[in-house]
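Enquirer: Residue numbers (this note's numbering), protein chains in the order written: chain A, 1 to 236; chain B, 1001 to 1334.
Everything labelled a hint here was simulated from the structure, so no lab data went into it. Small disclaimer: the values here were computed from a predicted structure and weren't measured. Glycine is no exception: its CB is placed at the ideal position from the N, C-alpha and C atoms. One should not assume that every hint holds.
[Stated by the list, open to error] Simulated pairs of lysine-lysine, BS3-like, Cα-Cα distance not exceeding 25 angstroms:
no.	chain 1	residue 1	chain 2	residue 2
1	A	K69	B	K1303
2	B	K1117	B	K1134
3	A	K69	B	K1117
4	B	K1256	B	K1303
[Said to hold, decoys possible] Negatives, chain B to chain A, calculated, CB over 10 angstroms:
no.	residue
5	S1063
6	D1089
7	I1091
8	G1097
9	L1148
10	V1176
11	V1225
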Amino acid sequence: MALFYSPVAYVVLFLFMFSNGWMFYSYCITYARAPQQITLVLNSLFGFAFFWVLPLSPLLAMRLFSEEKRTGTLEMLLTAPVRASEVVLGKFLATQFFYMLIWSSLLLFVLILEVLGRPAGPDWGMVKSMYFGLFFLGCMTNSLGVLASSFSRNQLVSAVLALSGNLLFFSIAWLGFYYRETPELQRIFHYLSFQSHFKGGYFKGVVELRYLVFYLGFTSLFLYLSVNMVSARRWR
Amino acid sequence: MPGSGELNSLADSRNLIEVDGLEKSYGPVKALRGISFSVGEGEVLGFLGPNGAGKSTTLRILSGFMPGDSGRVSVNGFDVGSESLAVRDSIGYLPEGVPLYPDMRVREFLSFRSRLKGISRSERKGRIDNSLEKTQTADIAGRMIGTLSRGYRQRVGIADALLGEPPVLILDEPTVGLDPVQVRQFRSLLSEIGRSRTVILSTHILSEVALVCSSVVILSEGRIVADDTVEGLKGACGDEVCVVAEVAGPRQEIRKALEAITGVSRVEVAELSAGKGGPGEGGYCRYRVFFNAAGQNAGMVLKAVRAGGWELRQVGCEELSLEDVFLDLVGGEK
Chain A
1 MALFYSPVAY VVLFLFMFSN GWMFYSYCIT YARAPQQITL VLNSLFGFAF
51 FWVLPLSPLL AMRLFSEEKR TGTLEMLLTA PVRASEVVLG KFLATQFFYM
101 LIWSSLLLFV LILEVLGRPA GPDWGMVKSM YFGLFFLGCM TNSLGVLASS
151 FSRNQLVSAV LALSGNLLFF SIAWLGFYYR ETPELQRIFH YLSFQSHFKG
201 GYFKGVVELR YLVFYLGFTS LFLYLSVNMV SARRWR
Chain B
1001 MPGSGELNSL ADSRNLIEVD GLEKSYGPVK ALRGISFSVG EGEVLGFLGP
1051 NGAGKSTTLR ILSGFMPGDS GRVSVNGFDV GSESLAVRDS IGYLPEGVPL
1101 YPDMRVREFL SFRSRLKGIS RSERKGRIDN SLEKTQTADI AGRMIGTLSR
1151 GYRQRVGIAD ALLGEPPVLI LDEPTVGLDP VQVRQFRSLL SEIGRSRTVI
1201 LSTHILSEVA LVCSSVVILS EGRIVADDTV EGLKGACGDE VCVVAEVAGP
1251 RQEIRKALEA ITGVSRVEVA ELSAGKGGPG EGGYCRYRVF FNAAGQNAGM
1301 VLKAVRAGGW ELRQVGCEEL SLEDVFLDLV GGEK
């Protein structure tokens, strides 16, 4: 709930929309004469916006526990009759909700393409699969953000921790590239790096359910660790 | 050991708070060295002690925010370790510094807190209005918490503590940072609340304790040094237990002579502004002589001064304040 009251959230939303809006405009101009221009614009837009995957969750989640620890409101929170798991889940869901809200601002541009692009239109299948993928990726990165926030009183430290975690996942793809000669390992790396999930599947409009285990597994792990971090003071 | 505060409570002498052998260390620092006390139903307990004595630690353990290392603590019949949720359901806790969310409005904040405390939607508005009325904050219900003065914020904090209508209120240094007017307002609020609830509040402002609390526990360096009713503590020293004399002469000698009187526990010297002979040796100083028991104390002081041949300007008795008792028990450090 407190997310909505914080100016950080609105700044992030603004930056997101502004940067994507700008790119949308650029792509439209660039591809104005290209064949299949709508697909091109859409793909480029989502391709660009994908860069937001790394910093978005850390920015949204960094203050969740850090701020409360710093100001002392955590003491008020934990002395109310609520379980630590309820607190963690509540903060996670709020972050996830806002995260999806931010991503859905892209739908504005898709709508523009839909309206102006008659009779041809954007590939809604691709849009739907992208959002499907983004939702679960978000689960993972947001839960990591919650965990990172529970480590420190300092928001910046939490943000950096979460960002590093995201980079770690991101870099699995590079590791895969290094081992490109070995086809067996390739399959493992393909499963583990989320970029390939998107490049290979969601981006193309293919929804792959098998990756859900990956996302939900890590999400559960991070949330479980967060609950432990928060309630650790109980058994220190 | 059951607190003698039980003498004050009425027919029902059930102990709502029981602490037995509580210990807590922060790494190598031992904050609580095995304290035991209890608070009976309807009591208002003042938890006194110098900074660093372990008051906040104790209150945090009582509220379930952190665990003790050993010992048994129960609130409203529930053990804080194993039945933490039930304990937190029974208390209204206000931490030191009154940490609230500055970006929320008062009513929103109370609504959020009432949801946290599991108050049903139908009851919510009634409880919030009730709390606002009790703390006289109804007129600021629409303001942002970040814009409120310290006094108002503290009242909002208490409004929050009252939301769940808990039988036990735990307040950690509630009057820190309040101006005298606000302190007085808080005191009247507290006496009203204390009528129907059990309250434990920590403070190092002694006058407050005397005015509001029915019993006192004094903590020093992790140990309890006193556990009594306010009257009991003060009654241990009536008047004639502190004799004040203004004497001129060599300070050290006078002091030694006074300390030598039988029954003297300590002597305090205060320099007065320049008298006939100027300040320092030869000038007048005020000596407060503390005795262990009432008796012919003034006479003994007079005799000692006369025997030493020093000039005496004034002699009288002073009723001990709670501060004196406190300083005495806590070792005179301030």
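Enquirer: Against this structure, judge whether each hint is valid.
Expert: Tested hints:
1. For the proposed pair K69(A) and K1303(B), the alpha carbon gap of about 62 angstroms is over 25 angstroms, so the pair is violated.
2. Between the alpha carbons of K1117(B) and K1134(B) the distance comes to roughly 19 angstroms, so the proposed pair stays at or under 25 angstroms and holds.
3. Among the hinted pairs, K69(A) with K1117(B) is consistent with the structure: their alpha-carbon atoms are about 20 angstroms apart, no more than 25 angstroms.
4. Restraint check for K1256(B) and K1303(B): satisfied, since their Cα atoms lie roughly 14 angstroms apart, inside the 25 angstroms limit.
5. The beta carbon of S1063(B) is not kept farther than 10 angstroms from every beta carbon of chain A, the shortest such distance being approximately 5 angstroms.
6. Residue-level check failed: D1089(B) sits 4 angstroms from the nearest beta carbon of chain A, not beyond 10 angstroms.
7. Listed as outside the interface, I1091(B) is inconsistent with that label: its C-beta sits roughly 7 angstroms from the nearest C-beta of chain A, within the 10 angstroms cut-off.
8. With 10 angstroms as the threshold on Cβ separation, the claim that G1097(B) sits away from chain A is violated: the shortest Cβ distance comes to roughly 6 angstroms.
9. With a cut of 10 angstroms on Cβ distances, L1148(B) stays outside the contact zone with chain A, its closest approach being about 15 angstroms.
10. At the 10 angstroms boundary, the C-beta of V1176(B) stays outside the reach of chain A, the nearest C-beta of that chain being 13 angstroms off.
11. At roughly 27 angstroms from the closest C-beta of chain A, the C-beta of V1225(B) stays outside 10 angstroms, upholding its exclusion from the interface.
In this structure, the earlier hints numbered 1, 5, 6, 7 and 8 are contradicted, and the remaining ones agree with it.
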